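Colleague: Sequences listed follow chains A and B, in order.
Here the numbering used here is used: the first residue of the first sequence is 1, the next is one more, and so on.
Here the numbering used here is used: the first residue of the second sequence is 1, the next is one more, and so on.
Bear in mind the hints are in silico, worked out from the structure with no lab data behind them.
Small disclaimer: the values here were computed from a predicted structure and weren't measured.
All residues carry an ideal CB built from backbone N, CA and C; glycine is no exception.
Errors might be hidden in some of the hints.
[To be verified] Quick partial rundown of chain B residues pointing at chain A, CB under 7 Å, derived from the structure:
1) L21
2) F108
3) V125
4) P151
5) A267
[Stated by the list, open to error] Calculated Cβ distances over 12 Å to all of chain A for the following chain B residues:
6) L147
7) A194
8) D197
9) M238
10) L244
11) F259
[Unchecked claim] Chain A regions said to be covered by chain B (calculated; three or more residues, Cβ under 8 Å):
12) 167-174
13) 259-269
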Amino acid sequence: MKTAVQQAHANSRSGEKTFQWFVAILLTVGGLLMVLPFAWMILSSFKTESEVTQIPPTIWPQHFTLDNFKTLFDSMAFGTYLTNTLVIVLASFFGLFLNAMAGYGFAKFKFKGKGFLFYLVLATMMVPGQVTMIPVYLILNQMGLTNTMMGIVLPGLVGAFAIFLFRQFMSDIPEELLEATRLDGAGEFRTFLQIVLPISTPILAVQAILTFIGGWNSFLWPLIIANDEKLYTLSVGLSLLKGQNESQFALQMAGSTFMVVPIMIIFIVFQKYIIENYTISGIK
Amino acid sequence: MKGSSQKLAPYLFIGPSIILLTLFSLLPILLALVISFTDMDLSGLVNYDHIRFLGLENYKNVLIDPSFLKSIGNTLFFVIIGVPLVLLFSLSIAILINMGKSRAFKVFRVVFYLPSVTNVVAVAVVWSYLYNPTLGLFNYVLGMMNLDPVPWLTDPTMAKISLILLAVWRGIGLNMIIFIAAIKGIPGSYYEAAQLDGANTWQQIRYITLPQLRYAIFFVSITTMIGWLQFFEEPFVMTKGKPLDGTLSASLFIYNNGFQFSKFGYAAAGSFILFFAIIAVTLIQFRLQNKAES
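Produce the complete structure using the sequences and hints provided.
Modeller: Spelled out as structure tokens, the structure:
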């Protein structure tokens, strides 16, 4: 009797092991399909143009070359695009600061019209970009900001979702702590800078990564507002490159690699914060 | 003194955000509504006297515009095929990853999430290359297996499916993370009880995991559907709506009319029709969900 139970146990354990392997293999195959386009992109970016059009295609570059990347910066204006993209990223960090301020305002103060204003903020989340695209263009045009960096940056500076997340997080900051700093004579803004922001590091970290990714990837709005190539972002430049060099695939892959790899690195380094944040908010 | 600064402080904190959101999110909705009743175009932009009030004419015209109707049809095609695929894959992968006992399974979260964070233009450029009829990897692999080449982006229907493939690949990650978070929230005691009753893995998924994920599934299907109704970047970069308007989405139609042809009024009318369609579809989803609940 006892042996039969042990037997069953051993069976289910080896069954469990087989099952774990089965799941792992299934996920590995799926995972390989997920990374295949990236692998192909990176490998192709180091090939010569003639090797890229070669049939049968090579997997590993036969003649490893950095020429494609050189062309991006020498003959194309990828240096300028990169600078513009980084300016947008910096500006979006300022926007992040404004979001944090608004989140704090909604989390820790009682004031007239609070409920109404908060619903107003949430309402903006539901408006599709297509509807506001044309009027925002007209408003910026009226302000004389089309074809300027300001016009590219301003409309996306603050976002309801980020404000909402900050408010959620900052609501949990103990009231006594804020009272204590106020009694010490610190102004409201100093309390925010020296007490609230440092406590909010976890949510700031998540938002900072998402903000960086968003800024780095910004595409549609710069495309609409910028007529001048001097204001193009990397994404806009890349779509231009695709349009104008339809058959130069190695060059296109180099441009894509240049856009994607920095984000990959940042994401892999910081992914824990992003993924854990979703997990936390999911349990709550 | 202190009292007055206390009263003012919250407005200073929320002020900048409220102003920006009003200026670039709320005001534009009203403005879009007004513009949609006019013939606003480039000349109207220079001189407001050139703008005429048209009433509902834009709406009437856009609703019989074959190109717009085609774009609505395409968008529905994207939604009907794309949304279930994203749901199915992100949910299955989340469940599989969660079954893993080893820490190594955490790597899969990163791998499957990766396409979601990468730049859509770069990704579209790469997939255009993979889809290339003669040089592309996909047709080469098919050829190796003695299969006929697929007209990935050159046939109107196939081009739609190709764009869906790419967008599903990109869409899995974020939704998978949401599902993983929701699965982690299911009490372990449910599974222990089921195991004592002798339920196998499939039965546990069928009778515990899926019912417990009801809300997450609803949330993901709503957000995914809204996303697909606004499908834009992939067709914009890869196909420009070609061939034969086969991949022209409603958003691309609005963008083309607004910013290529500068027909602001006409495009605004199109955008409101899309907006109402999104609201209607979302409300229907909520209705169905409530019915299923009761």
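Colleague: Look at each hint and say if it fits the structure.
Modeller: So, going through the hints one by one against the coordinates:
{"no.": "1", "hint": "L21", "result": "5 Å, holds"}
{"no.": "2", "hint": "F108", "result": "5 Å, holds"}
{"no.": "3", "hint": "V125", "result": "5 Å, holds"}
{"no.": "4", "hint": "P151", "result": "17 Å, violated"}
{"no.": "5", "hint": "A267", "result": "6 Å, holds"}
{"no.": "6", "hint": "L147", "result": "16 Å, holds"}
{"no.": "7", "hint": "A194", "result": "15 Å, holds"}
{"no.": "8", "hint": "D197", "result": "15 Å, holds"}
{"no.": "9", "hint": "M238", "result": "9 Å, violated"}
{"no.": "10", "hint": "L244", "result": "19 Å, holds"}
{"no.": "11", "hint": "F259", "result": "6 Å, violated"}
{"no.": "12", "hint": "167-174", "result": "violated (count 0)"}
{"no.": "13", "hint": "259-269", "result": "holds (count 6)"}
When each numbered hint is compared with the structure, violations occur for hints 4, 9, 11, 12.
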